[in-house]
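*Asks:* Sequences are here, hints too, so could you generate the full structure?
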Amino acid sequence: MIIKDIRREFFDVLKGRILIMCTLDVDAICACKILQFLLESHNLQYSVAPVASIDNLWRSFEEYRNSVDTIIFINFGNLINIPKLLKPAENLTFYVIDSHRPINVYNYYKNTQVKVYVNKHEESLNIPAEKKIFLKKDHTDGQADHNEDDDEAELELLSADAKDLSLDQLKKRRELREWILKKQKLLFDYEEFHFYNRSVAMIMYDLANFLSKNNNYLLWLGIVGVTYQLKSDKIDARMFEYEAEKIIRHKSRNQVSNNHARGNTWRIEWEVDLQLELYRRWTVFDSLCHSPLTMCKFKLWNDKGISDLHEFMVTCGLKTSATKQQYAAMDIEFRKGLATCVSDVCLGELRYKYNLENLVTRAFVVDAGFKKCFCANDFVLGVRALLECHDPNTKMTEKFVRAVQSLSYDDVEFSSLSEGFLKAQLQLKSMFAQVKYLLTNLKVQDSGAFLHVDLTDQGTASRDFARGESLMAFARFLLAAYVESKTTRLARRAVRLPLVLFSPDYHNDDEIIIVGIPPVAQQLKKNFFAKAFEQAAATIECEIKTDLSETNLVRTGVHNKVPMFEQLKALLEG
1 MIIKDIRREF FDVLKGRILI MCTLDVDAIC ACKILQFLLE SHNLQYSVAP VASIDNLWRS
61 FEEYRNSVDT IIFINFGNLI NIPKLLKPAE NLTFYVIDSH RPINVYNYYK NTQVKVYVNK
121 HEESLNIPAE KKIFLKKDHT DGQADHNEDD DEAELELLSA DAKDLSLDQL KKRRELREWI
181 LKKQKLLFDY EEFHFYNRSV AMIMYDLANF LSKNNNYLLW LGIVGVTYQL KSDKIDARMF
241 EYEAEKIIRH KSRNQVSNNH ARGNTWRIEW EVDLQLELYR RWTVFDSLCH SPLTMCKFKL
301 WNDKGISDLH EFMVTCGLKT SATKQQYAAM DIEFRKGLAT CVSDVCLGEL RYKYNLENLV
361 TRAFVVDAGF KKCFCANDFV LGVRALLECH DPNTKMTEKF VRAVQSLSYD DVEFSSLSEG
421 FLKAQLQLKS MFAQVKYLLT NLKVQDSGAF LHVDLTDQGT ASRDFARGES LMAFARFLLA
481 AYVESKTTRL ARRAVRLPLV LFSPDYHNDD EIIIVGIPPV AQQLKKNFFA KAFEQAAATI
541 ECEIKTDLSE TNLVRTGVHN KVPMFEQLKA LLEG
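Numbering (the working numbering), first residue to last: 1 to 574.
These aren't lab readings, by the way, just hints derived from the structure by calculation. Keep in mind it's a predicted model, so treat the numbers as computed, not measured. Please note that a few of the clues may not be correct.
Derived DSSO-like pairs: lysine-lysine, alpha-carbon spacing no greater than 27 angstroms straight-line [stated by the list, open to error]:
(1) 526 x 569
(2) 395 x 545
(3) 324 x 353
(4) 324 x 336
(5) 526 x 246
(6) 561 x 545
(7) 172 x 132
*Replies:* Here it is as structure tokens:
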């Protein structure tokens, strides 16, 4: 069931004990933080449970099912048939606030106790017509609330022996088979590509605005959520700029309405900035060396690349001694002129020499007090590192709590976030070392239909980015670096090839992680790997575990690695 009014159809009707189930990504955590603020301001009781997989979802649901009245799914739920999976009591109501698309057809047409929020301005969902995918409706109570079992009862005719059927029944069976083939084709076309819609953190900020609880702190959480979508390649620059225009209007409204209110002491700016990872928390030189954009363009895995980087720094007027200082210790005039010096080279007469126009962009920056200036990109990396860093002694729930704490307005020293920045620096260094090793040792292989790399056979596979979006970011980094490492002729082919990465699962020695990354040349932010993994697993009859947040990341048994590879190759070549 679809709802389009986030206030009247969602927040105003919340009642009883509420359970928030939040998936493990930065956008979801920002949305959860905003929702917690709103529930507390209206004295509504709630609990929070982090979930990363179907198994986590099932265990958390079993723990809370008898003690809550309402369950809210944050950034997951659209892709699964919730009542069929969880079999909840009829008095339970589910609300799904999720940026994943497409929406499961059973949630859309059949499941009245599942209410899926869709922005009223969202373009057509392209969901197949109900009569083309369901055989009949159950009108016993005036609602269509049955699930796939109704269709199975209708299809008993297909398994019957032909000699036991009349001519009319044989004709009906033939029509059913034709209908099933058409239904399968419709659903395949509808579910073939997975993509993302609006940030759930920005949806929650809109709710705060409707409830007159808006302030710059909550707006910053929304900014971090949508910036995460951009950095993780879930949305394109056009969609981000559209959101940025709305954010700028929100910022102006907050300044006019309650300039001195709690939460408005943070000053947000939309300004020209450099796409250098964590340079405000690091040294500029380290950031230049470990940012995917500059590492790929200068090919820093070889000596010539290092030489070219130093030449670029000289051209920009950046002294090596200054760039190797901590950013906070640099001369204040040098810091103020840093973006201008770099943009004059990247966007000036030498722009075709370095091809670094994307190094200079606009970004949101927040001033949260003395020496507390942060870029939204840095926030994303810090929170992500807290969520996904490898620490065998820390449970998933503890990492989730730490990530939520890092976004707290009351943490004036940003101690949790500072810890995240250090972990993010370690991740970037590990990614750099891993990419350099794989490229210099020719470990990225061309299988014809796609590129692939197997980290399960490498003794140097890093644990620092071995899960979730961190692993996805590494795979995108590796693919971009591989394309840049090729000559012009070979790069024309490489830019059109996707990448399949096999990585060990350090939380379970009996499983591996498979990641699929679309080609560099693909403009649309749509991913076909979720469906490809599903088809490959069905063909070889093996079990895969899908990540609730990253649909193109799956887990499977170690013994399934070779069969999955062969089947993926057959699918993508066909």
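*Asks:* Against each hint, give a clear statement of whether it holds in the structure.
*Replies:* Structure-based check of all given hints:
1. 526 x 569: Cα-Cα ~20 angstroms, so holds.
2. 395 x 545: 20 angstroms, holds
3. 324 x 353: 25 angstroms, holds
4. 324 x 336: Since the Cα atoms of residue 324 and residue 336 sit roughly 17 angstroms apart, the hinted pair holds (cutoff 27 angstroms).
5. 526 x 246: The hint holds at about 24 angstroms.
6. 561 x 545: 14 angstroms, holds
7. 172 x 132: Roughly 16 angstroms separates the two Cα atoms, so the pair holds.
Hint compliance for this structure: every hint is met.
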